[in-house]
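S.K.: Model the full assembly from the supplied sequences, consistent with the hints where possible.
FYI, in this note's numbering the residues of the sequence shown are 147 to 597.
You can take every hint at face value.
Taking lysine-lysine and the DSS-like style, the derived pairs with C-alpha atoms no more than 25 Å apart in a straight line are:
{"hint": "1", "residue 1": "458", "residue 2": "162"}
{"hint": "2", "residue 1": "379", "residue 2": "306"}
{"hint": "3", "residue 1": "379", "residue 2": "215"}
{"hint": "4", "residue 1": "562", "residue 2": "154"}
{"hint": "5", "residue 1": "534", "residue 2": "162"}
{"hint": "6", "residue 1": "534", "residue 2": "562"}
{"hint": "7", "residue 1": "351", "residue 2": "215"}
{"hint": "8", "residue 1": "366", "residue 2": "351"}
{"hint": "9", "residue 1": "458", "residue 2": "534"}
{"hint": "10", "residue 1": "512", "residue 2": "154"}
{"hint": "11", "residue 1": "154", "residue 2": "273"}
{"hint": "12", "residue 1": "534", "residue 2": "512"}
{"hint": "13", "residue 1": "512", "residue 2": "458"}
Simulated restraints on C-beta separations:
{"hint": "14", "residue 1": "361", "residue 2": "277", "range": "24 to 34 Å"}
{"hint": "15", "residue 1": "234", "residue 2": "577", "range": "27 to 37 Å"}
{"hint": "16", "residue 1": "442", "residue 2": "369", "range": "27 to 37 Å"}
{"hint": "17", "residue 1": "291", "residue 2": "269", "range": "16 to 26 Å"}
{"hint": "18", "residue 1": "269", "residue 2": "594", "range": "15 to 25 Å"}
Treat the hints as calculated values from the structure; they're not laboratory data. Since we're looking at a predicted model, the values are computed, not measured. Using N, Cα and C, we set each Cβ at its ideal position, and we do this for glycine too.
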Amino acid sequence: MSHSALPKPATARRSKALSGDIRIPGDKSISHRSFMFGGLASGETRITGLLEGEDVINTGRAMQAMGAKIAREGDVWIIQGTGNGCLLQPEAPLDFGNAGTGARLTMGLVGVYAMETTFIGDASLSKRPMGRVLNPLREMGVQVTASDGDRMPLTLRGPKVAAPITYRVPMASAQVKSAVLLAGLNTPGITTVIEPVMTRDHTEKMLQGFGANLSVETDKDNVRHIRIEGQGKLTGQIIDVPGDPSSTAFPLVAALLVPGSDITIRNVLMNPTRTGLILTLQDMGASIEILNARLAGGEDVADLRVRASELKGVIVPADRAPSMIDEYPVLAVAAAFATGETVMNGLEELRVKESDRLSAVANGLKANGVDCTEGPETLSVRGRPDGKALGGGTVETHLDHRIAMSFLVMGLVAEKPVTVDDSTMIATSFPEFMGMMTGMGAEISVQETPA
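M.R.: Set out below in structure tokens:
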């Protein structure tokens, strides 16, 4: 794992105009679920466009450890699944590295099996609370032995027969919703998730695509009721994974901020539950042209033409947070170069990401001369469009890939270079990041640690 390797600091410097026609690696959320559902379904699943970052590969390894057969032939991943209800008890702990999504969703998937499964992760993942997923599993009859604060390492022991539940998700979290739905796959009867605030809906769409008996109804108060019938058959599928909007955010914001830039980004997932950043940047005055909008595998996909733009500060409403929760760090960087103040609300979820992402962003901005204020669930950034006196600092990434990439984008525009204390963990979600950015003209250098 890269997290046991020596850190490799990286520095970004003010760059000339960025240009290029790029294709972003596959969406992380859909890639995780492709391995999971393909590993669970009967028959063969073939996946193209998979994100081959460490997080997703760890999910694939976990499915292999429970009986799925996974092989790569050229650009295609081929999976022979076990069949729903037929996962095997793994012989060793499942190691998810830094993959919070993979770990939480797999807890839901396997927790209700009448077997014992142990989950471990790296130092960063082991600090992250898992109670939000474990609590509904406990209601279904799962016994949990966990480290302090419901953290990893932890062991799940499933009941002989799990009990279906109706669970109202207490916070906007696609991971919690998905974990309960996946637990419902191996539970007799109907498991229901009530979701007051809609979050990314890949789990629902993909489970239906694999043949699960799943229905979604929205009541008069706009609350979603998602019902899944347990112990049905899932059948292998052909999946082409569209480009990840969270990874798209980095070259997109870089092109908006570096004067004279003009880039095209191909095959970007445009699911409405994932486009909050694009809407917000357009509100700020960004030139983002949506080209060739189309449907692919049940998902909205498009190409984006992005040109350097003068941005202005906006107030970002709290109800937009679920559709852009991973993009706030790079939005904060964009706000640092906008005219006026940008206020981001409803950010409490950022405190339980790979790091306390809200504090990490605020501290990184301050270290580089940006005037900002951090609240319990808000961040206000007062921008300097000319980038004068910004930069010159070193950012503590806390092993968080999105913090690292966001502040490297900042360095491309700031008057002085910006350094991040480690860049190795970028490989967890976007292994192509350095090559893609430098290929467009970005001045980023990685300090190789002496042997």
